[in-house]
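Enquirer: In the order they appear, the protein sequences are chains A and Y. Residue numbers for the first sequence follow our numbering, so the first one is 1 and each next one is one higher. Residue numbers for the second sequence follow our numbering, so the first one is 1 and each next one is one higher.
Hints are computed from structural coordinates only; laboratory data are not their basis. Some clues are possibly wrong.
[Claimed, not checked] In silico DSBU-like pairs for lysine-lysine, Cα to Cα no more than 35 angstroms straight-line:
hint: 1; chain 1: A; residue 1: Lys-234; chain 2: Y; residue 2: Lys-38
hint: 2; chain 1: Y; residue 1: Lys-507; chain 2: Y; residue 2: Lys-556
hint: 3; chain 1: A; residue 1: Lys-234; chain 2: Y; residue 2: Lys-143
hint: 4; chain 1: A; residue 1: Lys-131; chain 2: A; residue 2: Lys-10
hint: 5; chain 1: Y; residue 1: Lys-38; chain 2: A; residue 2: Lys-257
hint: 6; chain 1: Y; residue 1: Lys-556; chain 2: Y; residue 2: Lys-510
hint: 7; chain 1: Y; residue 1: Lys-261; chain 2: Y; residue 2: Lys-292
hint: 8; chain 1: Y; residue 1: Lys-292; chain 2: Y; residue 2: Lys-510
hint: 9; chain 1: Y; residue 1: Lys-411; chain 2: Y; residue 2: Lys-337
[Unchecked claim] Per the computed footprint, the stretches of chain A lying under chain Y, defined by three or more beta-carbons under 8 angstroms from a beta-carbon of chain Y, are:
hint: 10; region: 197-204
hint: 11; region: 319-329
[Said to hold, decoys possible] Selected chain Y positions facing chain A (Cβ under 10 angstroms, derived; list incomplete):
hint: 12; residue: Val-37
hint: 13; residue: Asp-45
hint: 14; residue: Arg-71
hint: 15; residue: Leu-73
hint: 16; residue: Pro-78
hint: 17; residue: Arg-84
hint: 18; residue: His-107
hint: 19; residue: Gly-123
hint: 20; residue: Ala-124
hint: 21; residue: Ala-126
hint: 22; residue: Ala-156
hint: 23; residue: Ser-225
We put the CB at the ideal spot given by N, CA and C, even for glycine.
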Amino acid sequence: MKKKIYSPDKPVAVWTSTDRLPDGVIPSLTMILRTYGCYRSRGGDECTMCGFASDSATVPPSPENLVAQFRDALARRPDGKFMVKIFTSGSFLDASEVPLEVRSMILEELDSDPDVSKVLIETRPEFVTQKTVAACKEIILKDFEIAIGVETSSDEIRDACINKGFSFEDFIRASEIAHQHDATVKAYLLLKPPFLSEGAAIRDMVRSVRDVSGYSETVSINLCNVQRGTFVAKLQRRGEYRPPWLWSAISVLRDAKRANPDLIITSDPVGAGSRYGPHNCGRCDRAAAGAVNRFSLTQDISDLENPEIVCDCAHLWQKVVELEDVSYGAPLARRVKARP
Amino acid sequence: MTRYFEVTDRDCAARIGRLMLDKRIRTPAILNSELLVKHQGSIIDCGCVWDRGGSPERSADPGKLLILPHRSLPPHAPPEIVNRPAQPLSPASQLSGHDGAVGEVIHPAQADIPGGRDLYVIGAAALFENQARALVDAVLRLKNNTLPDTAVYAPALATPENLAVLIYLGIDLVDDTACTIRGYQDLYLTREGTRSIDRLREFPCSCAVCTGVGIPEELRSLPRSERAGLLADHNTTRLSEELSTVRECIRDGILREYVEKQCRSQPYLTAVLRLLDSEHTYLEERTPTVRKSVLVANTAESQNRVEVTRFAERVLSRFTPPDADTDTLVILPCSAKKPYSLSQSHARFFDALKGYRQQIHEIILTSPLGVVPRELETVYPAAHYDIAVTGEWSLDETAWVASCLRTYLAKHAYKNVIAHVSGGFFDVCRMVERDLGIEIVYSAAATGSLLSNDSLAMLRESVAGIVSSQSRERSRRSPLATVRAIADYQFGLGVGEQLIPDRARVKSGKSGFRIFADREQIASSTRYGTIAPTLAGAANMPPDIYRVEIDDFLPKGSILAPGVVSADPQIRPMDEMIVCGSMAFGVERAMMSGREMVESSRGVAVDPRAVKGE
Numbered sequence: 001m002k003k004k005i006y007s008p009d010k011p012v013a014v015w016t017s018t019d020r021l022p023d024g025v026i027p028s029l030t031m032i033l034r035t036y037g038c039y040r041s042r043g044g045d046e047c048t049m050c051g052f053a054s055d056s057a058t059v060p061p062s063p064e065n066l067v068a069q070f071r072d073a074l075a076r077r078p079d080g081k082f083m084v085k086i087f088t089s090g091s092f093l094d095a096s097e098v099p100l101e102v103r104s105m106i107l108e109e110l111d112s113d114p115d116v117s118k119v120l121i122e123t124r125p126e127f128v129t130q131k132t133v134a135a136c137k138e139i140i141l142k143d144f145e146i147a148i149g150v151e152t153s154s155d156e157i158r159d160a161c162i163n164k165g166f167s168f169e170d171f172i173r174a175s176e177i178a179h180q181h182d183a184t185v186k187a188y189l190l191l192k193p194p195f196l197s198e199g200a201a202i203r204d205m206v207r208s209v210r211d212v213s214g215y216s217e218t219v220s221i222n223l224c225n226v227q228r229g230t231f232v233a234k235l236q237r238r239g240e241y242r243p244p245w246l247w248s249a250i251s252v253l254r255d256a257k258r259a260n261p262d263l264i265i266t267s268d269p270v271g272a273g274s275r276y277g278p279h280n281c282g283r284c285d286r287a288a289a290g291a292v293n294r295f296s297l298t299q300d301i302s303d304l305e306n307p308e309i310v311c312d313c314a315h316l317w318q319k320v321v322e323l324e325d326v327s328y329g330a331p332l333a334r335r336v337k338a339r340p
Numbered sequence: 001m002t003r004y005f006e007v008t009d010r011d012c013a014a015r016i017g018r019l020m021l022d023k024r025i026r027t028p029a030i031l032n033s034e035l036l037v038k039h040q041g042s043i044i045d046c047g048c049v050w051d052r053g054g055s056p057e058r059s060a061d062p063g064k065l066l067i068l069p070h071r072s073l074p075p076h077a078p079p080e081i082v083n084r085p086a087q088p089l090s091p092a093s094q095l096s097g098h099d100g101a102v103g104e105v106i107h108p109a110q111a112d113i114p115g116g117r118d119l120y121v122i123g124a125a126a127l128f129e130n131q132a133r134a135l136v137d138a139v140l141r142l143k144n145n146t147l148p149d150t151a152v153y154a155p156a157l158a159t160p161e162n163l164a165v166l167i168y169l170g171i172d173l174v175d176d177t178a179c180t181i182r183g184y185q186d187l188y189l190t191r192e193g194t195r196s197i198d199r200l201r202e203f204p205c206s207c208a209v210c211t212g213v214g215i216p217e218e219l220r221s222l223p224r225s226e227r228a229g230l231l232a233d234h235n236t237t238r239l240s241e242e243l244s245t246v247r248e249c250i251r252d253g254i255l256r257e258y259v260e261k262q263c264r265s266q267p268y269l270t271a272v273l274r275l276l277d278s279e280h281t282y283l284e285e286r287t288p289t290v291r292k293s294v295l296v297a298n299t300a301e302s303q304n305r306v307e308v309t310r311f312a313e314r315v316l317s318r319f320t321p322p323d324a325d326t327d328t329l330v331i332l333p334c335s336a337k338k339p340y341s342l343s344q345s346h347a348r349f350f351d352a353l354k355g356y357r358q359q360i361h362e363i364i365l366t367s368p369l370g371v372v373p374r375e376l377e378t379v380y381p382a383a384h385y386d387i388a389v390t391g392e393w394s395l396d397e398t399a400w401v402a403s404c405l406r407t408y409l410a411k412h413a414y415k416n417v418i419a420h421v422s423g424g425f426f427d428v429c430r431m432v433e434r435d436l437g438i439e440i441v442y443s444a445a446a447t448g449s450l451l452s453n454d455s456l457a458m459l460r461e462s463v464a465g466i467v468s469s470q471s472r473e474r475s476r477r478s479p480l481a482t483v484r485a486i487a488d489y490q491f492g493l494g495v496g497e498q499l500i501p502d503r504a505r506v507k508s509g510k511s512g513f514r515i516f517a518d519r520e521q522i523a524s525s526t527r528y529g530t531i532a533p534t535l536a537g538a539a540n541m542p543p544d545i546y547r548v549e550i551d552d553f554l555p556k557g558s559i560l561a562p563g564v565v566s567a568d569p570q571i572r573p574m575d576e577m578i579v580c581g582s583m584a585f586g587v588e589r590a591m592m593s594g595r596e597m598v599e600s601s602r603g604v605a606v607d608p609r610a611v612k613g614e
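Just chain Y, same shape as in the assembly (with noise of 0.2 angstroms):
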């Protein structure tokens, strides 16, 4: 629990937050280490308990943060050196009459790790450079154990390279230590990666340092001392300069697509960028559920991120096919706008489906996503992603689509099974038929053009043969089927049901839909093509899900963490969500995962959509 560190902006791990002392410092930051060497910032280190040079004055000022007295040990020092019980560092002593935040290094390897603390120091963090599974194992290691709102420290391991991924990792502080030493070591930083600068022709770079200067030969030609302070001075400029720009990349949401260009640089980086998606559990938690920006899916990484996986996982968990006398599938290729109803080749598709569709389900194929059902096209991310389409497929792109794919066909039994699809669609649909051991029936060739007449006529007959004309009933999908489709996916499986009755109405207009039941509006659309219910419909949720137990208070505006009493740890920034306290009953909309709602002890946990005394 901590009074000094609020968190403000969350992409993923990664985060915009302030700590308070006796100086606002806005991270995540760079530290001044020699600031901190002097004890002169906001930031006091206590010191290494073997330095004995003699430790700083116990600062008993609260505006500042004390670094309690640490061990300095690499990460293979001896487990019970480690691990050696913290007599001469108890904190009770060192912290004698300091009444402000307290900081403490941790060790790679250290078996318990303190609660309490308002900042934490990964011990030895540089020598995780190049070191990809150390450095995401210690990082993981120390959120995992310990409380949201708490800082992390990353130590001299900073470069303007690996800065974005350090963030994204979850660090919230670093310093300019390895871009000094650098610069003492005639070396010159970017973004790019570390050049030598005796093999450097030309500043790439337009920092004052480097305009200043003018060319490489004339900054070897200067005395080291000289060369070093300047270098130094480009490095730690650059460090700043990237600083910014993820911080950017945060407020818009867009630090996965950053990182995953800038990982590239450096084979470790890229590593510790799977790395990270391979632990899961970390980023799921923290990824919000819907977006603003567009989801760029340009790396093979993309495929790996937690919304596309999420929506895959979702898709499978979360979602029935309506009418469940349906038996026919039709599954279709992905088009470059989306939603794809409103593209050209989707309406040609209508059109060559035209009366069938009402008995049938649709399905889209589409990487990075695999498997999009009909009626959650509009759902946050299938409607909001952007892909490189070359007709050339990777071996990864056609097996994650095919496992999408064999999946939901496992799970729902179709009696019929038609697909529209060509080129690497075509090879995933075989792939599974081949797997499944089922006849899917093919009403385009491989690699013919899908949206001829000949192939369109083709695609009706298929359906044609199977299921009966309707065109005289209504030929429209029930809006129903969609809306409680989209429930279940936002809320769990059933959720659309109960949250949308039978006699509930669909108003479509230009922008979105609103539902309504008994005239008394229930929900309505977002931007992401998600469903906010109103306080009306909230009542109609289950009791469980999705809800938030507030204290006794009525909300004017946003809630805070501390008011918060429990959380569902389903809960994902930005789901929407019901509040309830014992004075109020609202609809609203995340800030924070569910289990930082409960464990922080600031920020804001909850954003008003609307609320009512009860």
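Chain A with its partners taken away, still in its complex shape (with noise of 0.2 angstroms):
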């Protein structure tokens, strides 16, 4: 796929946002580098669903040049006290991506800076490691959270359908290291990968929460939503995915809460109501990611219960959810039109 034009000094995206911490909700800004890319992605070993590597920088950038995207990124900070989120197109503690003189840099520039109340770094779990986080740690003392794309509790699904890479047991190992550290965790979720029914999706997701819950203070789940290149967008191409309907999201949040209360449990419904993102027929879209996204900061059920986001097509994904299980691999259901 051809790429975009980009500066090597800037970042592939900024926003800023909030998030939600045990006590409480707190400006955030999120940042993406552009770093030379995932390493796996590099050996041709792409996730089914991960469409970073297009943004990753075609030449590896200097060590200055991710210092200014940290600095031009880092400018655009909200006012007051907030919490800075550092993702790159893979693993921001894997030393290819990120050369080790940066890292010490942009974490001693995020402790030194008054604003700053929390970082969280983004991860694959093998760069997890004694070194590396005691490494962090001595830089940065202010609260510190590693978050890791672990996707699903089940290997077979994160092998067979995402491609990851690595298991449970790995994820499991990066947690408890980083625990050792007084780092937290935050665990990354997917709903809906490719070749899932929507039942067996949310299935999974419940179960995934309840078996990360134990390894990490934060769970957020993934929307899936096909990205451009991905594996995912070519079978969508075909018909053979469709993301996951927003009452799918809101059927996990409300069960998966419900079993695990005192989990901070979050979803970003990106691309919600495209027919690349999660949605249910369009009318109701918007009301339903409204009722994701405020889920996501009270953690308050109701909102996920509020009368006002019913919509008909609930009784179609219904038994979409009850049928695809014995479709065999076709997704029911692709086109849903709401009715005037």
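Got two chains here, each in a separate frame; can you build the complex from them with the hints?
Expert: What follows is the structure in structure tokens.
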């Protein structure tokens, strides 16, 4: 796929938002640094749904480039105290993406910034080692969270449907190391990777939340969206994949929260309402996504049960959840049209 | 090999059968998807290995059919996942304790199709809607690589519109998933297709739902929850109704005619029929040699159906004109009345040819059969077809008949060819004449009437100019030539001479003929114009063809497939054939193809006619 022209000194994206912490909500600054990209993707072993590969740099950015990107992003800070979330197109703790000196410099600047109250970085679990975490924690004395895209607690699904290349054991080991060094852990889960029926996807999430709950302080459920150039995009073009219904997301959040009331469970419905993102019938998408967003901040189940978000298409969704298990690999009701 | 599925009726690849579980399922059948989901039917789905909702209790009930745990994969899943070794799916461990029927989901691109199942599920079949090639490939690949007495299930695909075509492809089980989901999508299904209820002004249906609701407007005003259920009910009712129609067609042997009609509602369904016809072997093996119904050739696809292509192929490979020294051919047009000889037009041709018919060969040109030698005019389907006649010819028809005539004339070198034809047949003859560089004498004007006195006189003159009249000798053609030609057509070139010796006599009656040799009857005609040898006649048949070897028993009635040791693979359903074993010798009629007899473990293979102990 053709890559867009980019400046090596600008990050892929920066935005501000609000995040839920155990003791309340806080403004956040999210940045995606343009690194050389995930090492697995560079080796030709991409995850089925990951479109970040196309965001990564075509030539390795220099340490100066990366620091410039970071500073550019940090300048767009919200007012007051805030949390910083750093993503790359791969792993922040992979030195082949973010060189050691850059990592140290970024963490030093964040630690000394009085407005930054918490730092989150994302990485694959194989980079969470005693050495790297200790080194990070030596620099950063503030709240430090390691986010890991474990996607599901099922090794079969993670391997066959996502091609992630690590096991749940790897995640547990990373989580234990993080906790030994007083870092917290955020688990990213993926609702409806390719091949799963809507119902199987829902059940996978509820089960996964339960399985990761002992190993992470926060769980964020990503609703699989179709990113350009990915395997999932190819499937969708052929009608062989449908992104999850927002009803499924709501049902997962509700059931998972009920089962794990003390766990922070959030979801950011990226691309909601678009045919490439999680969607319902088109008429209720905005309301349904709003409920997901609201719940992510309040953690209050009643936000998911708000009668204002009820829509006719939930009947169809229910039938799909029920019957897709016996379609043996074919999505049902790919097109959903709301009646006026 | 299955103990649980038995086919009882066949019409090409379509079949009626029964799945013998705790409850008997008569196939083709519509499975209730809800029961399947809830594990409450006779078929228990062990679920997807990725589903973490917990698979059902592995039922040890031998009355249930277990669909083994599977991976749900769309058609374009990576091959390495599709073909991933089935360790977690190991049947041995899954089946522990289950001594009953077993089904397995087969991905359309799966490299190895494991044998020994009673049911195969076509993975992700719903995605083959509108994908004619993929659908035909998936079904045929499965059917060609599994035993004939296993049931095939296409999940979430069936609608009233496509059901006939699916069953014609050879699918035994469908479900009500698509009908239900479409109901929930506000779609109203009929045999004619899919309508959105928003655009429906009246119900073209009188099912309980439609009569109960009255008018579409009423239905639209109902809340979605209620409306969806009603629409799903209507859709499923229409599916069941279509299933009954299709089953009746199978019993009557007219499913092909029905499918040729029904496939018109969607281009992809028509494409399925055409692609299936191009997979000639698949259909040919399963198509009976004779049918009790009239072959109606109403569509362009009719000329590609097996009965037609098989007839043309056999005329070419199994027919030799009798009397090798006859070198004059008269080409005549077909008639609406069959066999042609009984028509008024042919009676007048015979008049015109009186005294010469002994020394000429006659062939009849017809669409869609191509070339019918006079000797074979009574054989199915030559006397059993009907076609729309307008005098206008399509290019396809002309080309097809011309190709039949061309190959016939190329194979049999006649010195003189006289064509008494007009219209499209005239064009056909001109094309062939030019292609082969031969000369055809036309005994009628291209556009004139063939039955005018002038034309008939010209026909007589054309023939008289070549051969001499033999009016004083026996002017009727030897009936032996005809019955031997029929025997050749049925059993292979040269069999006629072995079965029917020169001393044989043919006795014709109202209902056909009987053949005697040395006062013993050796064969009789059937209602399909074919020959049924008697036990005495069968003894003269070559030993290696149209023969089924059975185990050491004396059959009392029908012979079941497990009793068959070997069978001539060229045997087709409804063929006359010979059964022999250490204890029996008989002449019988095949109920399934030779391959199916050998590979099946259930079902009636042979229908008895006459049998004696050895």
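Enquirer: So, for every hint listed, does it hold in this structure?
Expert: Quick rundown of the hints versus the structure:
Using a Cα cut-off of 35 angstroms, the hinted pair A/Lys-234 and Y/Lys-38 holds, with the two alpha carbons roughly 33 angstroms apart. Under the criterion of a C-alpha separation no larger than 35 angstroms, the hint pairing Y/Lys-507 with Y/Lys-556 is consistent with the structure, at around 31 angstroms. Proximity of A/Lys-234 to Y/Lys-143 is assessed by CA-CA distance (about 29 angstroms); at most 35 angstroms being required, the pair is judged to hold. Between A/Lys-131 and A/Lys-10 the alpha-carbon distance is near 30 angstroms, which keeps this suggested pair within the 35 angstroms criterion.
With a C-alpha separation of about 26 angstroms, the suggested pairing of Y/Lys-38 with A/Lys-257 holds against the 35 angstroms cut-off. Proposed proximity of Y/Lys-556 and Y/Lys-510 is supported: the alpha carbons are some 32 angstroms apart, at most 35 angstroms. For a cut-off of 35 angstroms, the pair hint linking Y/Lys-261 to Y/Lys-292 stands: about 20 angstroms separates their Cα positions. Of the supplied pair hints, the one linking Y/Lys-292 and Y/Lys-510 holds, its CA atoms being roughly 19 angstroms apart against a limit of 35 angstroms.
Under the criterion of a C-alpha separation no larger than 35 angstroms, the hint pairing Y/Lys-411 with Y/Lys-337 is consistent with the structure, at around 29 angstroms. Beta-carbon proximity to chain Y at under 8 angstroms applies to 5 residues in the region 197-204 of chain A; the threshold of 3 is reached and the given coverage holds. Here the region 319-329 of chain A counts 9 residues with a CB under 8 angstroms from a CB of chain Y, which clears the bar of 3, and the coverage holds. Because the beta carbon of Y/Val-37 sits about 6 angstroms from the nearest beta carbon in chain A, less than 10 angstroms, this interface hint is met.
Checking Y/Asp-45 against chain A by beta carbon gives a least distance of about 6 angstroms; that is within 10 angstroms, so the hint holds. Interface hint at Y/Arg-71: satisfied, since its Cβ lies 7 angstroms from the closest Cβ of chain A, which is below the 10 angstroms cut-off. Annotation: interface hint on Y/Leu-73 holds; nearest CB of chain A at approximately 5 angstroms, less than 10 angstroms. For Y/Pro-78, the interface hint holds, the least distance from its beta-carbon to any beta-carbon of chain A being 8 angstroms, beneath 10 angstroms.
Proximity of Y/Arg-84 to chain A holds as hinted, the smallest CB-CB distance being about 7 angstroms (cut-off 10 angstroms). Of the supplied interface hints, the one on Y/His-107 holds, with its beta-carbon coming within about 7 angstroms of a beta-carbon of chain A, less than 10 angstroms. For Y/Gly-123, the interface hint holds, since its Cβ comes within 10 angstroms of a Cβ in chain A; the closest pair sits about 5 angstroms apart. For Y/Ala-124, the shortest C-beta to C-beta distance to chain A is roughly 3 angstroms, which falls under 10 angstroms, so the interface hint holds.
For Y/Ala-126, the suggested interface contact is upheld, since its CB lies about 4 angstroms from the closest CB of chain A, less than 10 angstroms. Taken as an interface hint, Y/Ala-156 checks out: its beta carbon lies about 4 angstroms from the nearest beta carbon of chain A, inside 10 angstroms. Interface restraint check: Y/Ser-225 against chain A, minimum CB-CB distance 5 angstroms, threshold 10 angstroms, status holds.
Consistency note: the structure conflicts with none of the earlier hints.
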